[in-house]
Amino acid sequence: QKEVEQNSGPLSVPEGAIASLNCTYSDRGSQSFFWYRQYSGKSPELIMSIYSNGDKEDGRFTAQLNKASQYVSLLIRDSQPSDSATYLCAVSYNQGGKLIFGQGTELSVKP
Amino acid sequence: KAGVTQTPRYLIKTRGQQVTLSCSPISGHRSVSWYQQTPGQGLQFLFEYFSETQRNKGNFPGRFSGRQFSNSRSEMNVSTLELGDSALYLCASSFALNYGYTFGSGTRLTVV
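Protein sequences, first through last, are from chains A and B. Okay, so the first sequence: first residue is 141 according to the numbering used here, each after it adds one. Okay, so the second sequence: first residue is 11 according to the numbering used here, each after it adds one.
Take the hints with a grain of salt, since some may be wrong.
[Claimed, not checked] Derived DEER-like restraints, expressed as beta-carbon distance ranges:
no.	chain 1	residue 1	chain 2	residue 2	range
1	B	Q51	A	G181	30 to 40 Å
2	B	E92	A	D198	36 to 46 Å
3	A	R168	B	R65	18 to 28 Å
4	A	Q220	B	T17	32 to 42 Å
5	A	A208	B	T15	39 to 49 Å
6	B	R25	A	P221	35 to 45 Å
[As the list claims (entries may be wrong)] Far from chain A by the CB rule (all over 10 Å, computed), these chain B residues:
no.	residue
7	K23
8	S32
9	E62
10	S75
11	R77
12	S80
Read the hints as simulated data drawn from the structure, not as lab findings. Don't be surprised by glycine CBs; every beta carbon is placed ideally from N, CA and C.
Please work from the sequences and hints to get the whole structure.
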């Protein structure tokens, strides 16, 4: 059973701090990795994708991938209250469109 | 550019009935996936279509089925509804896997 694990949280950080979200996956054949943000009552929104080892930065967001350790992380710099949401890690195991999602980490940014 | 459109947004059905949900992907997107989201199980993959062919299927009973039309629009059908089918059903589309998937707003299905 291919699994994606995330700390459920809630993770609480003060405004302006760095939020660090982590995800581990079980299958070494994993090829593509995504982070989605989901506000309460809304659908998931793609915020980052990463495919090779290392860091990928986009604005305040940095995704980090380490295939040897089978983990992927998301850093949010200068966290804002508007970043408060559930962050979902998703992993693709083949060339098709099947994504395996973690249970999500709830992030709360306190003003 | 229009996003992924799902209809209807809300649906209430009775146990034993069947339901059809519709999804129109972003223009140019040929891959369409369906997911079920519940508080207990999270987001679970149902199936994925590409160019009218089902490429992947999740671990759901045969009561759950889908199809994709030549214009990439997709439908999913659930027959003989059970109370446990109450969930948010999400459709997502992609131009190619490496671009990630864009989700629609979902259809909230309640089975009573």
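Sort out which numbered hints this structure fails and list those numbers smallest first. Violated hint: only 1; rest satisfied.
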